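Undergrad: Residues per chain are reported as follows:
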Amino acid sequence: MTASQPSPMARTAIPWVTTVARLVLGGTLIAAGALKIGNPSESVMAVSAYQLLPETLALMVGYALPIVEIVVGVLLVVGLMTRVAAVIAALLMFAFVFGIAWAWAHGLRIDCGCFGGGGELKAGQDPSYLLDILRDFGLVLLGAWAARFPPGRFALDSALGLTVSAHTDTPEEAA
Amino acid sequence: MSKGDRAKSAREKIKEQQAAERARAKRKRLVTYSTAGVVAVAAVGLGAWYAASSSKSEQAGAELAPVTVQSDGSVVMAKEGVTKPVVDIYEDFQCPACKEFERVSGQTLKNLAAEGKAKVVFHPITIFSMEPTKGNSVRAGNAARCVADGKQWIAFHDLLYKNQPSETAEGFKPDELVSWGKDAGVTAPDFEQCVKSEKHAQAQLSYSQKIGNEQKLEHTPTVKLNGKEIENNTIFLPQQLRDAVTKAAK
Chain A
1 MTASQPSPMA RTAIPWVTTV ARLVLGGTLI AAGALKIGNP SESVMAVSAY
51 QLLPETLALM VGYALPIVEI VVGVLLVVGL MTRVAAVIAA LLMFAFVFGI
101 AWAWAHGLRI DCGCFGGGGE LKAGQDPSYL LDILRDFGLV LLGAWAARFP
151 PGRFALDSAL GLTVSAHTDT PEEAA
Chain B
1001 MSKGDRAKSA REKIKEQQAA ERARAKRKRL VTYSTAGVVA VAAVGLGAWY
1051 AASSSKSEQA GAELAPVTVQ SDGSVVMAKE GVTKPVVDIY EDFQCPACKE
1101 FERVSGQTLK NLAAEGKAKV VFHPITIFSM EPTKGNSVRA GNAARCVADG
1151 KQWIAFHDLL YKNQPSETAE GFKPDELVSW GKDAGVTAPD FEQCVKSEKH
1201 AQAQLSYSQK IGNEQKLEHT PTVKLNGKEI ENNTIFLPQQ LRDAVTKAAK
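So the sequences go chain by chain: A and B. The numbering used here puts the first residue of the first sequence at 1, with every later residue one more than the last. The numbering used here puts the first residue of the second sequence at 1001, with every later residue one more than the last.
Hints were generated in silico from the structure; no laboratory data involved. Take these hints with a grain of salt, some might be off.
Stated by the list, open to error - Partial chain A-side listing against chain B, Cβ under 10 Å, derived:
#1 80
#2 104
#3 163
Unchecked claim - To spell it out: a stretch of chain B is covered by chain A in this simulated footprint if at least three of its residues, at any positions, have a beta carbon under 8 Å from a beta carbon of chain A; those stretches are:
#4 1037-1044
#5 1117-1125
#6 1200-1211
The model shown is predicted, which means the values in this text are computed figures rather than measured ones. We put the beta carbon where it would ideally sit given N, CA and C, even for glycine.
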């Protein structure tokens, strides 16, 4: 990394911010996945409701998405393969932002299915696209941060010595 | 050892050692990293496979149980003499969840009926109140009411789900419905007229209203086992649906 020498205060603060970002993003992913995983059919429906993917692809995504969310979420929370996990999480969130924006632009009236459910709105319920997009975009930013400044405090990456770069001129970050 | 080696400065030696150490650490890092990566990918694969297999639909059995279209538009599928347990299906041809239910669990219902383990009753209703979904649903429901033969009705029912239109577009158009009817084996001469004139549209709407109130339906599909609603978590998992019904048979 080529960042100019950060101030001492930033040097202590940055890893902690990463940790918080990891926990929030990872925790959200775990919750989202766990709420979906018991009902694969619902997950398939929620994906299909976006009318974005062809049927077979929607099926595959519906089956795989909950477990992907959980695995990536766990990796982030424990801080293992932090950078890879953060990049995947950020891309996932970005895809969700895109999907919701797509649904909105196409005048669909669906529930985002973000935390389970089959994508259908309850009677009298209105879509909450803007809120969903803002939330997911915030999570994209957290993912980007964690990818830029991995692995943060309390990360398995450090404990396992996975963080030392080829040129070991970083101050011992591994606790 | 040669003279030159011995002459190597201590400095160089240390450098070499450090390089070796670095290489070892790098190898170790690579192994740890790949292991974690492989485990993560395997977990994803296993989870996705499990999800897919738990909602895998059953194999088609031999013969369908006899199917009778009743005068109120509901349809009974049961072996002769089988009167319980009763599985009531409240469904809307336009509802995506009903399509999904049909996709994963439709065959289970057919098999249970064919095995004499249940009396299955289909209640096609119109749950939508806004266009275009309401119109789509009514046209499809009307067309199903135009089919009098049980076997053809089931085939038509399945075709309707297979060809379910988007919830945002007008679909289930009269011409389409007529041709799917033919695909389902409908030969009755008045079928086309019945579909196009929406002969039973009013019956479809009033039945939906009546049954919706009576059964306190809030969503489709609603599946009731001996009058008691079965949870969504169960009906979309074919094995669990089968277990629930066979348990009720005892």
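Undergrad: It remains to establish, for every hint, whether it holds in the given structure.
TA: For each hint, the structure was consulted:
no.	hint	in the structure
1	80	holds, 5 Å
2	104	violated, 13 Å
3	163	holds, 9 Å
4	1037-1044	holds (count 4)
5	1117-1125	violated (count 0)
6	1200-1211	violated (count 0)
The structure fails hints 2, 5, 6 (numbered hints given earlier, in ascending order).
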